[in-house]
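Given the coordinates of chain S, assemble chain A onto it according to the supplied hints.
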Amino acid sequence: MERKKTPLWAVHKQLGARLIDFGGWDMPVQYTAGTIKEHKTVRESIGLFDVSHMGEVIIRGKDARAQIDRLTTNNVVGAPPGKAVYTLLCHPDGGVIDDCIFYKRSDEEFFVIVNASNTAKDIEWFRANIHDPCDVVDVSDETALIAVQGPKAVGIVDTLAGGTLGNLPPFAFTDATVAGVRCMAARTGYTGEDGFELACPSADAERLWTALLDAAKPVGGLPIGLGARDTLRLEAKLPLYGNDLDDTHTPLEAGLGWAVKLDGRDFIGADALRAQKQAGLTRKLAGFRIAGDQRAIARHGYPVVDRTRGAGELAIIGTVTSGGPGITVGGAIGLAYVPSELAAPGTQLTIDCRGKDIPATVVSGKFYKRS
Amino acid sequence: MSTFPPDLRYSHDHEWVRAEGAAWRVGITQFAVDQLGDVTLVELPKEGDLVTKGQRFGTVESVKSVSDLYAPISGKVVAINGALKDSPELVNDAPYGEGWMIDIEPTEQGELNELLGADDYAKHVAAQ
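For the protein sequence lines, the chains are S and A, in the order given.
If you're matching positions, the first sequence starts at 10 in this note's numbering and goes up one per residue.
If you're matching positions, the second sequence starts at 47 in this note's numbering and goes up one per residue.
Hints are supplied without guarantee of correctness; some may be wrong.
Stated by the list, open to error - The calculated lysine-lysine pairs, modelled on DSSO-like cross-linking and capped at a C-alpha distance of 30 angstroms, are: (1) S/375 - S/270; (2) S/22 - A/169; (3) S/46 - A/131; (4) A/131 - S/378; (5) S/130 - S/270.
Simulated from the structure, these hints should not be mistaken for lab results.
Same shape as in the complex, but just chain S (with noise of 0.2 angstroms):
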């Protein structure tokens, strides 16, 4: 099957991207620079990402209030018109169907940010859960998504709107005009550092690339790939959908406890999630450094083990869901599920990296905060 090319494909294959198939797009993984220095261009000074790919969708109606918040584990709906609410959507026995941003336009109306990845699967039940006088749009098509990101984001991306968003508080968002391209902007990412996500429509993405992209070149900014997209995210602790979240791990399981608000709340999984909650987590994600003399990385699937717990796969007693380089914080970092007991900071870990034990040590908070 082809590819889906976001409306930025040209511009990728013109600065040279490297193009990988991601969950059926096709997508620049690096650009010329590559991924260790891209990264480091987002932590010290201004980055561009493409994230077109995304699932754009509108729920709105007169009922949209109540019937949103029987989707969502978080307050999505009492927060006032303006503020983006990250939320995650769940099965009713709590397993994860996706994590998200509802940003709320009004009482009647939500703008939805979903994973590329989940953007069929969510519309479908969006669709069989949304029922009249409200109605889901799939915006995606018509939609482009440029995330700035960087310390000198927010500088540059307000020049270019004018001085209009500088004062945007954080989870934010608001109609602007940004290099004359009309767009809404929020003040959010996915990197651990300030800046903005603007949605565009499809036809003016390649002039708004070009302008931020012009504007941040001189700082020494630079395009940046999926690849360090991923390791940023990392160092940020930030999960991502189909590694450390998924239809059999909970929210609180998770560690995104502070998404799910129950008190008082009935939607879908919560019973499940009061249960469990009440019960006590059996399993916990932890961040985890590997030991300090090892350069291994303990990448996706890998087994964390016990050893004296028998051969083979009886030694399992964890899953590692993200791995990777800390280009910004040092070593090799990653997330894992483990026994709760083993979750607490400074436990000792032995990961399985294709057939070596590696230690590693389990670590508490984000792996990297900006100052």
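Below, chain A alone, put in the same frame as chain S:
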């Protein structure tokens, strides 16, 4: 179509080979490097280890993936590039130079003739 240094011999698994005294120096090609992205770790055998053509002799790990290295010829490892331990990025910077991996003293001279020339390797890559 990409071009490759004409003075090297190539394996189908994207290693290159070049005479280095009595031994043959082995590294990975620019094509392999492009596929890997930034290299973060190279695991190599020890000096004196025996390697067999087509068998795994080490691994190269990049930001995004981990790949096995396959011996292009059989023989004894007589030198390893120790610089890669602390500077794996040499593989990206100079895959045919400072990013070399091991020197092999061949036990089966005939195997050298089975390797590809630059043009045939380029065709092999183009077909991938």
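Consistency of the hints with the structure:
1. A C-alpha spacing of about 22 angstroms is found between residue 375 of chain S and residue 270 of chain S, which places the hinted pair at or below 30 angstroms, so the restraint holds.
2. A threshold of 30 angstroms between alpha carbons decides the hint, and for residue 22 of chain S with residue 169 of chain A the separation of about 23 angstroms falls inside it, so the pair holds.
3. Among the hinted pairs, residue 46 of chain S with residue 131 of chain A is consistent with the structure: their alpha-carbon atoms are about 20 angstroms apart, no more than 30 angstroms.
4. For a cut-off of 30 angstroms, the pair hint linking residue 131 of chain A to residue 378 of chain S stands: about 29 angstroms separates their Cα positions.
5. In summary, the hint linking residue 130 of chain S to residue 270 of chain S is supported, as the alpha carbons are separated by about 24 angstroms, within the 30 angstroms threshold.
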